[in-house]
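Engineer: Listed here are the chains, written in short residue letters.
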Amino acid sequence: MKPIFRPVIMAAGLAFAAASAQAEVLRFATWDSNESLEIQKAIAAKFEAAHPGVTVQVEAYGDGYDTKLAAGFGAGDAPDVMYMWNFPAYAPSLLPLDGYLAGENGLDMADFAAGLLPYARVTNEDGTASTLGIPAGYTTFVTYYNKDMFDKAGVPYPVEGWTWADMRAAAVKLAKPDEKVYGYGVDGNPDPYDFETYLWSNGSSWISADGKTTTGYLNAPETTEVFQQFVDMVKGGEAVLFGVGDNGSYRELFNADKLGMVISGTWPMPDFEAAGKNFGVVGLPSFGGKPVHSNVGISSLSIAKDSKQPDLAWEFVKFYASPEAVAMRKNDIPVLNSVAKAQGMDTNPKFAPFLAMLPGADGNLSPAFLRNANWGRAQEVVAEAIQQIYIDQDGIQAILDDAAARADKALTK
Amino acid sequence: MKRPVAAPARRFSSRFHAGAVAPYLFVAPWVIGFLAFTLGPLLFSLYISFFDWPLVGEPQFIGLQNYTTIITDDADFVRSLKVTLTFAAMFVPANLIVALLLAMLLNQPMFASGFFRAAFYVPSIISGVALVTIWSWLLSHEYGVINYMLSLLGIGQINWLGSPNWAPVSIVLVSLWSVGATMLIFLAGLKSISKELYEAASLSGVGKIGQFFLITLPLLSPVLLFNLVTTVIAAFQQLTLALLLTKGGPVKSTYMLAMYIYDNAFKYQDMGYAAAMSWLMLLLIIALTVAIFKFSSMWVFYETEVKGEKP
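Taken in sequence, the protein lines are chains A and B. Residue 162 in my numbering sits at position 162 of the first sequence; the count goes up by one each step and never skips. Residue 1009 in my numbering sits at position 9 of the second sequence; the count goes up by one each step and never skips.
In case anyone wonders, no lab produced these hints; they're calculated from the structure. This one's a predicted model, so the numbers in the text were calculated from it and none came from an experiment. The beta carbon of each residue, even a glycine, is placed where N, CA and C say it ideally should be. Possibly wrong hints are sitting among the right ones.
Stretch by stretch, here's where chain B covers chain A in the computed footprint (C-beta under 8 Å, at least three residues) [as the list claims (entries may be wrong)]:
hint, segment
1, 58 to 72
2, 136 to 145
3, 386 to 397
If you want the ones that stay clear, here's a sample from chain A, every Cβ over 10 Å from chain B, calculated [claimed, not checked]:
hint, residue
4, Y90
5, S93
6, R121
7, P158
8, E160
9, G161
10, D166
11, D178
12, G188
13, D191
14, E273
15, S338
16, T347
17, D401
My request is simple: use the sequences and hints to build the entire structure.
Structural biologist: Listed below in structure tokens is the structure:
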């Protein structure tokens, strides 16, 4: 693929160079930091090399990404190309890409991992749908387990198709609460977006499919069940509650052999590798055999509607989605099936579970923020309710009932 | 009659004489900065508070609707206001007392007082972010040094940042770290009190505690008033610590008004609503300040005035 691709890019680059003799600056904003940021810079440098006269200005906003980006749009000074996840909120300012996708200089979407595409599509007021972003990298949620701890306790490793009952049985055997050793780590302050994974897997969700109400979803019996299980795990001493009053993270506990299992995306893997941990990766446990659905954390690339150089921006976005660039991203899972295959990820036991957890393209399970543009305020209510549940560790149904009423009000604001 | 032409001409030229322009040039950077970065945005925020002003999309004029919604139909506003008032009720007295005690300590003639003065002030110039990082380690539930020291005293672990009851206390505790500015102003006030007054009081047999209440406090009262007003304002504007140390949690127990305004602006991108709330906060601070000044005549003594009945 590479040898064919390269000249095309070069030709396009020459065309641009010819069109404007002067140096063009393309602004690209990312929330990545550290190694991931270095990868972005390397990809941008590759693009520059293929497009003489073009300078890509990589702007790393880090933790304050949304604030900085929102302020940029508000001030009419937005970057040309940017990382994006919250498409409904930014939709009025983003350039619909359908024209480019279908055009002469289009992009073949067939090679993209199918489950990713619905995340970057929004439904317009007139009922039509627009594609506002192209996926650049993603992660699903998996279970990491500490092999040394399993070996020491004589517990067999988890296997695909396992259930939460299996997980809890293993956690009980691994845990030694008086030595502050735990089988599992429960995040006391999770991102509601990530947490919806458990609701989906138990047949619930935060919000109705039409995005109109949380009542009957946020406070459904299936939702309560999920929380009750995590609270029981903490109360029973098999799991540690983290993220409440401590800045120590589950990664440190895992690396110190004090935590047997934890559920996360690709994020902690470089840490575990760097610490030389002997760890395994397995898919999410199911709730009594119900189908497991993982949420997906995706970094997509979007173009600002007001960009003065949309064609160059599209060229850049296209380059990001090229096998060459996708292969350079080492800190998440490749969005192109061909690249994942070429890197042997489908057979690598540490990566195969991530691919297996990716949902199909049916889009029936779309995250709450895609279902209602006002979800931001409602999500605050949900986040608060989750904290309350883990602090009180009691009266879960009442907390969720109250939260559903308040979240519904927030949706109308 | 002949009109005196020369005089106005001379006045004109002298007005634009280099020497007359120079002062304005010197203050210009501040004045321009003030107009462009303080007064301008201030007035603009008043303007956008009458709009539904999303960061992305078209603003829409809605009159007073932002204000009426905030006052009549925003439970989070009321709640964050309560959190702010609770914080102020703890922070203001604690800040004033600690600052005054430190200032009195530093006012004693002692070894290396200059060093201590600098040492107590240094935390005030440390960036809030660094401060928060340090304190989040100190206050950590399982691994924090404060809980470790308490355990040596036989006191059980306190979940400083993870319990809705303790988190507001932790914020007060951490904000006391930057008590330096208040302390310095107190110290300057203490220095200006004449030593002879204390000597006279000692000769009359008034003890140290009596001297504090009869001499120090009354003569310091104008300084106290100043510090009280600035501390109340600081309490209402507290954002950094809530935002970084506790993120407003747990369960919104440290979700202060300034943070709610910040979230409305940058998280929910509702600039008009956030601006309206800022102006309500300003009105509230003005009202409080006016109230403090009104009651101050009861307890503030200026050296020039004579209050009959009081000693």
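Engineer: Compare the structure with each hint and give your call.
Structural biologist: Evaluation of the provided hints:
1. Chain B is given as covering the segment 58 to 72 of chain A, and this holds because 4 residues of the stretch bring a CB closer than 8 Å to a CB of that chain, at least three being needed.
2. Counting residues of the segment 136 to 145 of chain A whose beta-carbon sits less than 8 Å from any beta-carbon of chain B gives 0, not enough to reach three: the coverage restraint is violated.
3. Requiring three or more residues with a Cβ within less than 8 Å of a Cβ of chain B, the coverage given for the segment 386 to 397 of chain A holds, as 3 such residues are present.
4. Here Y90(A) does not stay apart from chain B, with its beta-carbon only about 6 Å from theirs, under the 10 Å limit.
5. The claim that S93(A) lies off the interface is violated: its Cβ sits roughly 4 Å from the closest Cβ of chain B, which falls inside the 10 Å cut-off.
6. Against chain B, the non-interface label of R121(A) holds: every CB pair exceeds 10 Å, the least being about 18 Å.
7. The claim that P158(A) is not at the interface with chain B holds, since no C-beta of that chain comes within 10 Å of its own (minimum 27 Å).
8. A cut-off of 10 Å between C-beta atoms confirms that E160(A) is not in contact with chain B; the least separation is 34 Å.
9. Distance check for G161(A) against chain B: the nearest CB is about 35 Å away, which clears 10 Å, and the non-interface claim stands.
10. Taking the minimum C-beta to C-beta distance to chain B, about 28 Å, the non-interface status of D166(A) holds against the 10 Å cut.
11. The non-interface label for D178(A) is consistent with chain B: the shortest C-beta to C-beta separation is roughly 14 Å, beyond 10 Å.
12. With a cut of 10 Å on Cβ distances, G188(A) falls inside the contact zone with chain B, its closest approach being about 8 Å.
13. The beta carbon of D191(A) sits about 12 Å from the closest Cβ of chain B, which is more than 10 Å, so the claim that it is off the interface holds.
14. Distance check for E273(A) against chain B: the nearest CB is about 24 Å away, which clears 10 Å, and the non-interface claim stands.
15. Even its closest Cβ contact with chain B, about 35 Å, leaves S338(A) beyond 10 Å, as expected for a residue assigned away from the interface.
16. Distance check on T347(A): its Cβ is at least 40 Å (rounded) from any Cβ of chain B, clearing the 10 Å threshold; non-interface status holds.
17. With a least beta-carbon separation of about 16 Å from chain B, D401(A) lies farther than 10 Å from that chain, consistent with its non-interface assignment.
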